[in-house]
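Undergrad: Same order as they appear, the protein sequences are chains A and B. Read the first sequence against the UniProt record's numbering and you will find it ends at 355, with the numbers running on by one and no gaps. Read the second sequence against the UniProt record's numbering and you will find it ends at 104, with the numbers running on by one and no gaps.
Please keep in mind that the hints were generated in silico from the structure rather than gathered at the bench. Treat the hints with caution; some may be incorrect.
Unchecked claim - Derived lysine-lysine pairs resembling DSS-like cross-links, with alpha carbons at most 27 Å apart: (1) A:K234 <-> A:K277; (2) A:K351 <-> A:K336; (3) B:K14 <-> A:K351; (4) A:K336 <-> A:K325; (5) A:K277 <-> B:K100; (6) A:K315 <-> A:K234; (7) A:K277 <-> A:K313; (8) A:K244 <-> B:K100; (9) B:K14 <-> A:K277; (10) A:K336 <-> B:K100; (11) A:K277 <-> A:K336; (12) A:K234 <-> A:K313; (13) A:K234 <-> A:K244; (14) A:K277 <-> A:K351; (15) A:K315 <-> A:K351.
These are the residues of each chain, in order.
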Amino acid sequence: MSYLNITEVESAVTSLAAVFPTAELIELPEPSVEGRAAHALRIGTAERGANDAVVLIGGVHAREWGSCEILVELAADLLEAHRDGTGLTYGGTSFTSAHVRSILDELDVVVFPLVNPDGRHYSQTVEPMWRKNRNPANSGGDPARIGVDINRNYDFLFDFQTAFHPAAGPRVSTDAGDLVYQGPSPFSEPETRNVRWLLDDFPRTRWFVDVHSYSEDMLTIWGDDDNQSAEPPKNFRNTDFDGKRGLAGDQLYAEYLRQADADDAGVLAEEFCSGLKAVRGRGYTPMTAFHLYPTSGTSHDYAYARHIVDTDKGKIHGFTVEWGKSFHPPWSEMEKIILDVDAGLVAFCLKALTL
Amino acid sequence: MSTYEILRVRVTAKDAETLRALLREARPDVGGRPRQGDDGSFSIEAYVTPEQTAALEREGVSLTTLDEDAAATGRERQAEVGEGDRFAPEDAVPHGLALKVTDA
Chain A
1 MSYLNITEVE
11 SAVTSLAAVF
21 PTAELIELPE
31 PSVEGRAAHA
41 LRIGTAERGA
51 NDAVVLIGGV
61 HAREWGSCEI
71 LVELAADLLE
81 AHRDGTGLTY
91 GGTSFTSAHV
101 RSILDELDVV
111 VFPLVNPDGR
121 HYSQTVEPMW
131 RKNRNPANSG
141 GDPARIGVDI
151 NRNYDFLFDF
161 QTAFHPAAGP
171 RVSTDAGDLV
181 YQGPSPFSEP
191 ETRNVRWLLD
201 DFPRTRWFVD
211 VHSYSEDMLT
221 IWGDDDNQSA
231 EPPKNFRNTD
241 FDGKRGLAGD
251 QLYAEYLRQA
261 DADDAGVLAE
271 EFCSGLKAVR
281 GRGYTPMTAF
291 HLYPTSGTSH
301 DYAYARHIVD
311 TDKGKIHGFT
321 VEWGKSFHPP
331 WSEMEKIILD
341 VDAGLVAFCL
351 KALTL
Chain B
1 MSTYEILRVR
11 VTAKDAETLR
21 ALLREARPDV
31 GGRPRQGDDG
41 SFSIEAYVTP
51 EQTAALEREG
61 VSLTTLDEDA
71 AATGRERQAE
81 VGEGDRFAPE
91 DAVPHGLALK
101 VTDA
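The shape of chain A in the complex, shown without the other chains (with noise of 0.2 Å):
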């Protein structure tokens, strides 16, 4: 085994959906910057839509590796288990076959995962640290300022100037030459365009999880600030509160969040630790993305807001993973990580057909 280059991530994909009926493949309506198509599967035995949906997406940031490798074979474990009856161990935890049978039976599974092709065929064959997407539209000519950065490209707090306090130094820039470049406006980048759609294609999906590295961490909402549910005024919409965002520890300002929605997102990160724990004893911290310095633009804050800026769309729990502790482990270790993070999945996956 070894990692998947950028082909057999799609080919993965594809041969997936067309030996198990269970599967089904989408085609992301747009090609990226370099003209790569993206697809991902739905895995679920009920109609589409009939059921409500979590969305797992990686391969985001170029040098993050394993993400897609832990989403290809999280597809696979789940397809092949229940085609064949069986349960499924990752070294020290174990699901049966009606767990399996549950989650397929109850949820639409949506596996995206490689948003940004172009990025990952630049890090495996030229410069493995890359982290953007691939778009030359910003850099001038200069090649060094190739490249949005998807995860801060997303419309949550997109104005980051405007919303967070001078001090608050938050990790997104305007500048194209900056490795957490925002991209000259929201979704201004076909992969952040598909990652919308999806989730506009599937209006029931209630979770939504990014798959990212590294910390050994599962972040919950909010980025931008830290979270309390006693002040609702205290909101990303609320102007009032424009240059006060992203102290930490402060009085001036803390993102709102029902304190339902808090707690629930809190035992589906804490389950998804436990279920990964149990494997070979890794410990992964469920925190808020939040931890001394803002972020804007990123997926999981998209996805929750979604519901708060437009009433008519359901509301989505967002969470990123942050596995291992480095961007490209030699694949023997990558291998385990692929056991530790995919045992979490199926384990927050089965905590959510409960909430």
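The hints should help you fit chain B onto chain A, whose structure is shown.
TA: What follows is chain B alone, placed relative to chain A:
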């Protein structure tokens, strides 16, 4: 193929504000997330060129080199990326890494 050198370092600051100021001013490429030590210090991993380390060095901050050339490590890892298409044969499909077990 990239040829320049990137150090992987752990940046440890005496407190949160010192690390926050460093990240705000030097804007290094970071890996992972901040960690708090038992002594109240805060640390984070960063990927910097040897020249960029000067911007990180300041009072209340210590640097520990974890990898003398993270770019070279990444290039070595590129050898662990598949070639061709292992799923091209009609009967080839991923099987997942979990053990498929019959219920007891």
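Undergrad: All hints, please: hold or fail.
TA: Structure-based check of all given hints:
no.	hint	in the structure
1	A:K234 <-> A:K277	violated (36 Å)
2	A:K351 <-> A:K336	holds (23 Å)
3	B:K14 <-> A:K351	violated (40 Å)
4	A:K336 <-> A:K325	holds (12 Å)
5	A:K277 <-> B:K100	holds (20 Å)
6	A:K315 <-> A:K234	holds (19 Å)
7	A:K277 <-> A:K313	violated (34 Å)
8	A:K244 <-> B:K100	violated (52 Å)
9	B:K14 <-> A:K277	violated (31 Å)
10	A:K336 <-> B:K100	holds (16 Å)
11	A:K277 <-> A:K336	holds (12 Å)
12	A:K234 <-> A:K313	holds (21 Å)
13	A:K234 <-> A:K244	holds (10 Å)
14	A:K277 <-> A:K351	holds (16 Å)
15	A:K315 <-> A:K351	holds (17 Å)
Checked against the numbered hints above, the structure breaks hints 1, 3, 7, 8, 9 and satisfies the rest.
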